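My request is simple: use the sequences and hints to build the entire structure.
So the protein sequences, as listed, match chains A and B. In this text, residue positions in the first sequence follow the working numbering: the first is 1, and each later residue adds one. In this text, residue positions in the second sequence follow the working numbering: the first is 1, and each later residue adds one.
Since the hints were made in silico from the structure, they are not lab data. Misleading hints may appear alongside valid ones.
Repeated chains share a single entry, so a pair holds when one copy, or any two copies, can fit it.
What the hints assert, rightly or not - Using 25 Å as the maximum straight-line C-alpha spacing, the simulated DSS-like pairs for lysine-lysine come out as follows:
hint, residue 1, residue 2
1, K386, K3
2, K310, K115
3, K385, K342
4, K151, K19
5, K331, K385
6, K386, K296
7, K59, K141
8, K331, K296
It should be emphasised that the depicted structure is a prediction, and the values quoted were computed from it without experimental measurement.
Number of protein chains: 2
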Amino acid sequence: MLKFDFFRMNDISSTDYQKVYDQKNEVYEKFHSSDMVGWTNHIDISEVERMIHLSEQVKKESQCLVVIGIGGSFLGSYAVLKMLSNYFNDDSFPIIYAGTTLSSKYMSELLDYLKDIDFSVNVISKSGTTMETMMTYQMIKQLMAEKYDEKEQQKRIIVTTDQDQGILRQEVNQMGYQSFEIPNNIGGRYSIMTPAHLLPLAFNVDIKKLIDGYYQGEQFREEAFQYAVVRKCLANSGKWIENYCVYEESLYYFTEWLKQLFGETEGKNGQGIFPVSMVHTRDLHSLGQFIQQGRKIVFETFIEVEHSNKLLYNGQDLHTINGIVLESVRKAHFSGDVACLKIGLDYLNEVSIGQLLYFFMLSAAFSGYLFQVEPFDQPGVEVYKKEIKENLGVLSY
Amino acid sequence: MLKFDFFRMNDISSTDYQKVYDQKNEVYEKFHSSDMVGWTNHIDISEVERMIHLSEQVKKESQCLVVIGIGGSFLGSYAVLKMLSNYFNDDSFPIIYAGTTLSSKYMSELLDYLKDIDFSVNVISKSGTTMETMMTYQMIKQLMAEKYDEKEQQKRIIVTTDQDQGILRQEVNQMGYQSFEIPNNIGGRYSIMTPAHLLPLAFNVDIKKLIDGYYQGEQFREEAFQYAVVRKCLANSGKWIENYCVYEESLYYFTEWLKQLFGETEGKNGQGIFPVSMVHTRDLHSLGQFIQQGRKIVFETFIEVEHSNKLLYNGQDLHTINGIVLESVRKAHFSGDVACLKIGLDYLNEVSIGQLLYFFMLSAAFSGYLFQVEPFDQPGVEVYKKEIKENLGVLSY
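In structure tokens, the structure reads:
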């Protein structure tokens, strides 16, 4: 279950807060009339069963799954996987992520590694035109053609893409690959409950519980709106950077997911809060100085897990000590005039993670409307894509 | 060899630039009269030999080295190690970093892992009072006491600390542990060329070459000052976030090192530039939208490696494609009124990394003086430390 504490701050007057809060009906109306909120609908359970079944099959035939995707087809599953994995002695089924880079070092070392093992591939792109994804997919398919006959390749390639359109869907129809669909009414950064993320997660995570938690998130709608209001007020008062603070390194990629979610939703029209993150206590020894005494443009959102592994240090529970440190840091930063919000989870498990995901997605969408931008597009991404296309010239992928 | 391109921007007039640049003599004077620039002195080569020799001994007796340190006793060696390691099929000697967190999950999983293998420890703390370091050290020593007799423990513990003072130096004198010294005239974030980092690196990196490259960095003093001047001018014009952009995931921790170096050096007195980083092309699909069209408070510094692994995609060199993408992104962001500086390396190897480290340290120190703060202290860190001490009460470490 989630708990919230948004009001340890000096920066906002209750009048300011009320003024922004009063836009609630307007925001909810816009939200409900959007055609991009498919992620609030319930997911087809038979598709979920098919993912689980397929993951069990792949595990029998392969030593790892290579997931090829980037952006909205990468961060969600990667973040959840990391949150639930062990630091050492990890006995989960190996998932390798590729296509998130054009690094020839990464790619050549990966191909070298895959040469000698049996693997399957899940390629994920809604449009089938994502540059990094399609280039990586081609290079890995080339290796598969060297290793496996056609029948074997067919068994080892799983495609997640648009229902009808695009080159990947064509390939599915021609080659008979197994495939899943990304609905039209869900954008990349809001796609955590689509097969783009659920299929890679099915290999190691109880996705049914994750889905349960996700839909429970609807109960935090009021808090999601409050969080968006507080953030908008802080931005109005010159706090233009939000620092997500976690106390567990395994949550780092969850903060990366948050950065994408909020940064891409709000960062338009000269607006938005720049999202950054810190892993405590590590980064207190790095950016802690800046937060405490540097330029006053930062506010913080602490994400705290109430219960964790039991371990005694000098007869005291180490996680309790970690919690005391967290509160001490909040107090110290607050004394340095830094607003310190907090969102708490009881346990770090599938259910609470599901709740957290939904809470933040809801809040990000509301926030977009408060910033008076469209929460579900990303027109700025087209600018560099166009530039790349012009400069790469005839190179096709 | 390093190459620089600092002037793709609209934000600074040449008059503004000259005005800041004219403080050069003053800054150099302050720099040279500081008693914290021991990191510009030459390092004792016999100590370097001792580190290399010791690393060879440890490799024979242990399956891994546990490095216990945080902040300035962690990020430098970790960053360089990552920069030079393979993504897959890594055949380097395993180095495990601990003490960067109070996570009971991390700590209990680590202890569980170490139970069944032979390991050595390098504990690093200048003062011997760093909370996370000393707590972790105690817990790991307890495990060692269960596994090894006293003579064996003595062989497996290596201490890096102050020459004369502190609890760790006392332990060395009592127990006869092997030890190294962190000089008094070098602060944590400027300590990359001390045993705090060179010893852990000696296990996998040619530290003599790294040292060579480092001292070659002195030739880039003028550029280091120029970089500091440009950044200061950008900050004056409202660009309060610097985004370090790399095109290779293995450089991510180097950007973390940069964040510590610049954030902790400048972030005082309500001053400073907030350092963030992006790994391209991955994060173009995340924060790219914000950079292009969001709030105009960001400028970017691209770190580019000219030569990398050879790999062909459709008959074209993949690294060349990555370079074209980098330039396209610079052009696109520049068209969105984002200043785009660039620092280039020919190859990613010990020598060029050494040059890069020195260049940035020099520039950070100059920058502190330009922001009219003391580059080598971190008074804000004491605020939360004091708060923690009060709240943790009698708990001793």
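Consistency of the hints with the structure:
no.: 1; hint: K386 <-> K3; verdict: neither (43 Å within a copy, 28 Å between copies)
no.: 2; hint: K310 <-> K115; verdict: between (41 Å within a copy, 17 Å between copies)
no.: 3; hint: K385 <-> K342; verdict: between (37 Å within a copy, 20 Å between copies)
no.: 4; hint: K151 <-> K19; verdict: neither (63 Å within a copy, 70 Å between copies)
no.: 5; hint: K331 <-> K385; verdict: between (44 Å within a copy, 11 Å between copies)
no.: 6; hint: K386 <-> K296; verdict: between (36 Å within a copy, 21 Å between copies)
no.: 7; hint: K59 <-> K141; verdict: within (19 Å within a copy, 40 Å between copies)
no.: 8; hint: K331 <-> K296; verdict: within (16 Å within a copy, 31 Å between copies)
Hint compliance for this structure: hints 1 and 4 are broken, all remaining hints hold.
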